[in-house]
Amino acid sequence: MSVLPMTVAAGEVTAAERKALRDRLSRSTRPLCGLLLPLGAALLWEWAVHAGLSDGRLVPPPSVVYATFAELAGTGELQRHTAATTMRVAAGFGIGLAAGTLLGAITGYSVLTRRLIDPTLQALRAIPSLAWVPLFVLWFGIFESSKIALIAVGVFFPVYLGVMGAILSVDRKLVEVGRVFRLSDAAMVRRILLPAVLPAYVIALRSGLGLGWMFVVAAELLGASEGLGFLLIDGQQLGKPAQIVAAIVAFALVGKLTDWIVAAAMAPLLRWQDAFTPVGDR
Amino acid sequence: MLVLDRVGKTYPGGLRALEAVSLAAAPGEIIAVIGGSGCGKSTLLRAIAGLDRATQGTVTLDGTPVTGPHPGIGIVFQEPRLLPWLRVADNVGFGLFDRPGPLRESQVTAALERVGLADKAAVWPRQLSGGQAQRVAIARALVAEPQVLLLDEPFSALDAFTRVDLQEHLLALWAERKPLLVHVTHDVEEAVVLADRVVVMRPRPGRVAEDIPVALPRPRDRRAPAFEAVKRRVLTALDRSLDRVGPSAAVKPRVAAVGLAWG
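One line per chain: the protein sequences are A and B, in this order. Residue numbers for the first sequence follow the numbering used here, so the first one is 67 and each next one is one higher. Residue numbers for the second sequence follow the numbering used here, so the first one is 588 and each next one is one higher.
Worth flagging that the hints you see were computed from the coordinates, not collected in a lab. Watch out, some of these pointers could steer you wrong.
Calculated cross-link-like contacts (lysine to any residue; reagent style SDA-like; alpha-carbon spacing at most 25 Å) [said to hold, decoys possible]: (1) LYS818/B - PHE748/B; (2) LYS818/B - LEU610/B; (3) LYS707/B - PRO261/A; (4) LYS707/B - GLN339/A.
Work the whole structure out from these sequences, hints included.
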């Protein structure tokens with residue numbers, strides 16, 4: 067009499083265990099799915115060039131790109147150019163971030179300031195940023211300053227809009243809690259508004275950083291003696307597509323790395339968030 | 588002593604939300620304010636809390652006019668309104684920023700113990716149930732030891748069991764220091780369970796229709812005939828306040844609201 071339930075129970079356990087194992091396997095292999103397409107294409111191209119189906123002159127196969135990358139890294143060339151580009155992004159990002167945060171916070175908090183300066187800033191935002199380049203070159207010269215100014219402009223707008231929008235959308239009900247406890251203006255900003263806008267601020271920060279990397283390429287393409295953008299132009303003028311791809315890969319790596327640093331640095335501050343977790347990502 | 592002297596509120600658009608509401612409440616009293624939707628219950632509470640200014644009349648606490656948020660007046664809203672970026676303990680201690688750290692800590696711990704959530708001190712608000720979150724909100728308001736605690740339909744979003752639970756809990760908390768409670772509700776039973784006086788309000792513009800004393804000993808038995816009798820009296824007053832004659836079997840707020848829309 068007791069045998070039947072027991073076997074059923076045992077069967078259930080193994081079924082559950084099997085399912086758990088399958089889940090764990092699929093969770094660890096899932097990220098690899100995304101690699102199938104690019105890796106497959108790379109291998110296919112490598113094989114095609116090896117088999118003589120293409121000379122791979124204009125589209126270098128992965129092995130050649132890797133060799134170029136390693137060679138540039140070996141001579142220290144790659145590091146020098148990456149450092150130059152990163153410095154420009156850091157400087158432009160710093161300036162754009164500071165200005166965007168400050169003006170966004172002021173226009174978000176004060177209706178009068180918003181009425182005074184927001185229309186002008188919105189009008190300026192409508193100008194394609196690259197249109198500033200000739201003016202910046204006249205104003206700041208052809209060296210670092212004009213490049214940094216262009217990057218700062220690119221970073222400024224997403225940060226400004228993000229901060230202002232976030233402050234304007236802070237829950238009135240939470241602000242009222244601050245009023246009930248008679249917080250001063252400064253305490254209201256520090257204890258209610260700033261924490262409340264933090265999640266939106268991190269997003270603004272990351273999109274600003276993304277635009278910073280975009281604009282550094284533009285700035286360097288327009289004339290630079292070093293930087294990853296210079297490697298791109300150099301590769302084009304000397305007919306070295308492998309160098310161009312190597313520089314692109316370097317861009318992707320540093321861009322992703324800096325984005326990850328920002329996200330990781332902010333993550334501990336956002337642990338309170340009751341955010342949506344995509345299904346299958348828990 | 589909390590005194591409301593002919594308090595009125597007219598919104599800029601000309602809508603008269605409150606008209607000449609006069610009320611005097613002694614320390615330690617529990618007053619329930621009840622009425623159909625649109626009768627200005629919440630407006631009245633916000634005027635007492637100093638969150639909105641009354642356009643006519645005055646609110647005074649022990650002779651001092653209340654013109655803004657007042658240290659002696661705490662409020663619990665319909666939603667818990669916990670700050671999601673602070674852990675439960677820091678939420679409870681939010682209003683105690685001017686007190687030295689160790690004192691604040693011991694007060695917070697004591698407050699959490701009183702609402703039975705000592706084990707949740709280090710938890711984020713999102714991890715609490717609705718009832719727990721509202722208990723934290725009550726602890727946050729009470730930890731500052733206010734003379735007056737205002738409650739704006741604090742249990743209306745909770746299920747019936749949790750609501751009854753929290754009503755008992757609120758009474759126990761009140762019994763410790765006996766602040767004046769002004770409890771806005773649309774639940775007749777809740778009003779009669781809690782209050783020494785039930786103030787029935789009448790809409791358009793919001794004003795006091797009736798002030799019904801509840802002379803029942805505590806703890807109150809919700810099924811006792813005397814309890815039923817008071818409940819019926821409040822229901823009748825509510826009916827009258829909505830210009831409907833005859834006692835209806837059950838005036839639910841929804842029904843009251845529909846009646847308002849027709850009337």
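Hints, verified against the model:
{"no.": "1", "hint": "LYS818/B - PHE748/B", "verdict": "19 Å, holds"}
{"no.": "2", "hint": "LYS818/B - LEU610/B", "verdict": "22 Å, holds"}
{"no.": "3", "hint": "LYS707/B - PRO261/A", "verdict": "22 Å, holds"}
{"no.": "4", "hint": "LYS707/B - GLN339/A", "verdict": "17 Å, holds"}
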